[in-house]
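Trainee: Residue numbers (this note's numbering), protein chains in the order written: chain W, 640 to 1031; chain X, 640 to 1031; chain D, 9 to 152; chain F, 9 to 152.
Everything labelled a hint here was simulated from the structure, so no lab data went into it. Remember, it's a predicted structure, so these values are computed and weren't measured experimentally. A virtual CB, placed ideally from N, CA and C, is assigned to each residue, including glycine. Just to be clear, a hint being listed does not mean it is correct.
Facing chain F, from chain W, some residues (calculated, C-beta under 7 Å) [stated by the list, open to error]:
1) S910
2) L950
3) E984
4) H987
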Amino acid sequence: MSKYIYMDNAATTPVKEEVLEAMLPYFTEKYGNPSSVYSLGSESKVAVEKAREQVAKALGADKKEIFFTASGSESDNWAIKGIAYNRRNKGNHIITSKIEHHAVLNTCKYLEKQGFEVTYLNVDSDGVVDLEELKNSIKDTTILITIMFANNEIGTIQPIKEIGQIAKENDIVFHTDAVQAVGSVEIDVKDLNVDLLSLSAHKFHGPKGIGVLYVRQGVRLDNLIHGGGQERSKRAGTENVASIVGLGKAIELATGNLEEKNKKLSALRDSLIEKIESKIDYVKLNGHRTKRLPGNVNVSFQFIEGESLLLMLDMNKIAGSSGSACTSGALDPSHVLLAIGLDHETAHGSLRLSLSEFNTEEEIDFVVEKLVGIVDRLRQMSPLYEKIKGEK
Amino acid sequence: MSKYIYMDNAATTPVKEEVLEAMLPYFTEKYGNPSSVYSLGSESKVAVEKAREQVAKALGADKKEIFFTASGSESDNWAIKGIAYNRRNKGNHIITSKIEHHAVLNTCKYLEKQGFEVTYLNVDSDGVVDLEELKNSIKDTTILITIMFANNEIGTIQPIKEIGQIAKENDIVFHTDAVQAVGSVEIDVKDLNVDLLSLSAHKFHGPKGIGVLYVRQGVRLDNLIHGGGQERSKRAGTENVASIVGLGKAIELATGNLEEKNKKLSALRDSLIEKIESKIDYVKLNGHRTKRLPGNVNVSFQFIEGESLLLMLDMNKIAGSSGSACTSGALDPSHVLLAIGLDHETAHGSLRLSLSEFNTEEEIDFVVEKLVGIVDRLRQMSPLYEKIKGEK
Amino acid sequence: MYSEKVMEHFMNPRNVGEIEDADGVGEVGNAKCGDIMKMYLKIDNGIIQDVKFKTFGCGSAIASSSMATELIKGKTIDEAMNITNKAVAEALDGLPPIKMHCSVLAEQAIKSALLDYSKKYNVHIEGLDDVDFSDDHHDHIEEE
Amino acid sequence: MYSEKVMEHFMNPRNVGEIEDADGVGEVGNAKCGDIMKMYLKIDNGIIQDVKFKTFGCGSAIASSSMATELIKGKTIDEAMNITNKAVAEALDGLPPIKMHCSVLAEQAIKSALLDYSKKYNVHIEGLDDVDFSDDHHDHIEEE
Ligand SMILES: Cc1ncc(COP(=O)(O)O)c(C=O)c1O
Ligand SMILES: Cc1ncc(COP(=O)(O)O)c(C=O)c1O
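All chains, full assembly: derive it from the sequences and hints.
Mentor: Laid out in C-alpha cells, this is it:
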C-alpha cells in the first residue's frame, strides 16, 4: 500500500472535487462584488444567497438566521463576545465546559479579564457534561451557556437537546460549537433549542477559512467585525463568494445521505477500535464508546509519547494526530484528556485517528499492523516501559 | 465592442490566472492543516510561510510582523479594537478622519459606545487631512491615530509619512487602512513610520476573504479572534492556506513592476478624466487631481442620480460604482462626498470608475461615448435639470 | 436585483416629459434623499386624459414613476386615488424591500398632483385630506 | 518541521538501551511535561567507553538523546562536560525553537549521569556543582 492514508479528518479535510468545481467560476469569471449594482455583482449575490439556503436547509433553520464568517473560531468568538457585550447590563456570568475548543476557552478567559465570571463545568470520564451540575451553576447573572456539540479530540457528543431545554427554561442564551458535528451528525436547531451554532466548512470537505454562525431569529448580539453592510450589517467584509459557494455545496453533500454514511463510518470506527484493543496492550479508549462522532477514534498507548508515534506513522504514510503537548507547543498535554481524568503521562501517549467516508477497512488493517510495530518499538525505547516490565 | 468593460476595480478585482493556479493544489491535494506534525501538514506550513515572506517583502517589513486575517475589515477592526482595549489604561482617545472606510468608522462608533472618545478630522475639498488640525487634536489620552492611506471613493492619498512622524513624536500608535493603496502605490512601512497597516487581497487580483495586518515589532494589541495557536497565537483559526498562497502570489505580482504599471495607469486615468470633462457639462472631479490613486476616477454629474447611471452603464456592459445612497441602502449619500463639501444632490450623482492594468484606451473611448448619451438621457428625465434650463 | 419588468420600465419609461398646461402638478421627495418625482396631469370630465412625469432618482424610482403613470392614464380620479404603492410595486413584479419607498413616492406623486388639481379647480377629492407627504419613508439599516 | 538529520536520528537512534552495570545513570525530565531521558555511562580511565539511553518523548527528544550519546562516546569526562545543548542542536542541523528544550534535556541527562558517577566513585568533576536540573525549560506561548 503506497497511497497516503489520511486519518486526520477532524483536523481538516480535502475539498471534494464537486465543491472545488462549484467554486472555480467565482475566482476569475464571476468575480463581481455582491454589493454592486451591475449584473456581475448580482450574480455573486445570487450565489451567496443560494449557499445561505443550503446551509439553512442543512440545519433546519431559516436563511435569515445564517451569517457567514471566516472560520469556526470567528463564529465562536462572535457568539460569545457578541452575547457577553450585548447583555452586559443583564449579567456577567457565562457557563461553559472544561473540554471546549480553545476558540471557546480562550475567548472565555479573555472575558474573565474584562470582568466576566465564567464557570467551567466538569465532565465525567467519558467526557460528558453533568446536567445537574449545569443546573446548579445557573445564577441570576447567567447570560450565556456555551457547550460544544461534539468534542474534537475524543469525539464525545453532549446531550445538546437537554442543555437547550435547561437554557430555555432559564431564559439564557445557548450557543453550541458544532464545528465537529455539522456534516457528521443530524442537527435540527429548532428541535435542539439552540440559539447560536458555529460551524466551519473545512471539517466537511469544504474550503478552509469559511464558517457560519447560526443566530436564532430574535437573538441580539454585538458585532465582532464592524464595517460595511454585508450580512445584513451584522458581519462586515466583502463576501468571500467562492468559499461561501464551496461551503454551501459541501454542506449539501455532507448532509445529503447522513444516515447511510454514518452507519458505514461507525462500523469502520468500531472495527478500528476493536482491532487496536485486541492487538495492543496497555491501551485505553478515550471518550464515550457509543455517544461519539462516527469517525472518531482516540486511544492512549501507555509509556510512549504521541509526537514520536505520529512521526513514525508519517514515515509509513499515515496521518493522525495526538493530544500530546509536544504537538501543540504548550507545556501541558491536551486539556480534554486531563479533564476526563487521564494522568499526564497517559495523555501524552494519545493518538486520534479521525475517519471520513473515504477511508476503507483495508486501510484500517494496514494502520493497525503498523501501529503494533511502532508502539512496540517506542516502548522498547521508553524508560517508563522498562520500569513496568521490571515490576512484573 | 461586446466585451464586458470592468471599471470597478476599487470594489473588487478578478483573480489573476497565475494566482488561481498557485492556489489550486491547496484545495484537493495539499490540504494538510499547517499545525499538523506529518508531512502533508508541513507542506502547508511552508506554503503559508512563503506567502508571509512575499507580503513582508512587498511592504518592507519583517515576516514576523505579518499576520493573516480574513479581510481588510477584520484587519481594521483588529488594529483599532486591539490597540484600544490593550491601551485602555493609558488613555481612551482615538483620532481618525471623516472619510475613513466604514470598517474604521463603525468600529470607532462602537468604541464610543464603550467609553472611548473619538475625534473625526475634517478634510479639505480635495479630501486631504489637515496636519495642523491633527496636531491640535492630540491629547494626553490619545492612544491611536488611524488614517487611511488612500480613499476608496475619491482616490485621494494622504500624507502618511508626515502623519507617521507626528504619531511617533507623540508616542501614539499609528494605524493606516491601506486596503486601496497596497498594490497601487509604493509602500515601505519603515520609511513611513507606520505601526499597523491593513490590506486585503481582493483589491489587487487576489482572492476575496483574505487580508493582512502588519504589526510593527514591539507593538502590543489584544487579539480580536481568540483560540488556537495559529499566527503565533495572535489570530486563531485554521489557516486559509489556499487563499494565503493566493495573497502572496498576488502581492508579488502587483508590486513587482509598480512604477511602470502606474505610469501607464495614471495616463489612462487622466485621459478618462480629461475626456469626461471636455464632453459633458455640469461635471465635477472629486478628489485631488494629482495626489490620487493611479486608477481612480470619481466625477459628479449634476441633476442625475447615480444608481440610474450605473444601471444604464450596465445595460451597455460597463461596470462602475457610485456614492449614491441608493446603491448602499442608506439614507444619506456617501459620507466621503459630503465631507469634501458636496451637497446631497451632487453627491447622489457621482460615478466612480476605477481602472486596472487590464483596461485600455479603447475602452475609455467607448465608456465616454456611452456616458455622454446616458447622462443626457437621464437629465432629460430630471426635474432638477428642467429647472436649471428654465433659469438659463 | 430588479425584476425584468422594473428594468423594462426603467430602460423604456412611459410618459416621460412635461405637460405645459397641466391641470395638476405634484412634486414629492427631495434631492437630499436622492429621489424627486414630479407628475403632470391633464384632467377632463373627472378622467385623467394625459399624464407625464420627470424623476430624479434610482432605477426603481424611474420605473415606479413610469408604472404609476400607466396605471392612472385614462382612469377616473377615484380610480387613481385607489392606486396604492403596493399596486405599483406589484405591477412591476415586485421591488426589493429597500426600494419599496420608491413605490410610496409614486403613490404620493399621484396624490400630490391630484391635490394640486383639487385646489386649482376647487374640487373635493375623497381621501386627500389626510394624506401625509413626509419623507420618512426610508428603511434604516441598523447596526448594533 | 525537523531537519533531515533529526529525522534520521529519530528513525535510527544510536545507542538505545540500558547498561546493566553502568558507572553512572542519570534521569531528567518528567512525564508531566512529556519527556524523560535516562542515560547510562560506562566510564574507564576518565573516558566514556560506552553510553546507552532510553527516552520517553517527542521526535526531537529521541534524536537529541541519540546525538548526545554519539557526541560523548569515547570522549573524556571533561570533553563530555563541555557538550552544550547548542552543540547537540547544531549537530542535528538545528531544532525548531519550540523544541530547543529537548537539547537542554540531553545536556542535562549527560550531566546527571556524570553526577551519579562522581558521587558513586567520589570523583570531583569541574562544573557539576552549580548544575540545575529544574524543569523550567519550556517555551511558554503567550496569548494576550
Ligand atoms: C479603504 C478600505 N478599507 C477597508 C475595506 C474592507 O476590505 P474587505 O472588503 O476586504 O473587508 C475596503 C474595501 O471594501 C476599502 O476600500
Ligand atoms: C470543536 C472545534 N471548534 C472550533 C474549531 C475552529 O475552527 P476553525 O479552524 O475553522 O477556526 C475547531 C477546529 O479547528 C474545532 O474542532
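Trainee: The structure should be examined with respect to each hint, and the outcome stated for every one.
Mentor: Checked hints:
1. S910: Violated, because the Cβ-Cβ distance from S910 of chain W to chain F comes to roughly 29 Å (cut-off 7 Å).
2. L950: Given a least distance of 5 Å, the restraint on L950 of chain W holds.
3. E984: 4 Å, holds
4. H987: 5 Å, holds
Hint check: a violation occurs at hint 1 only; the rest are consistent with the structure.
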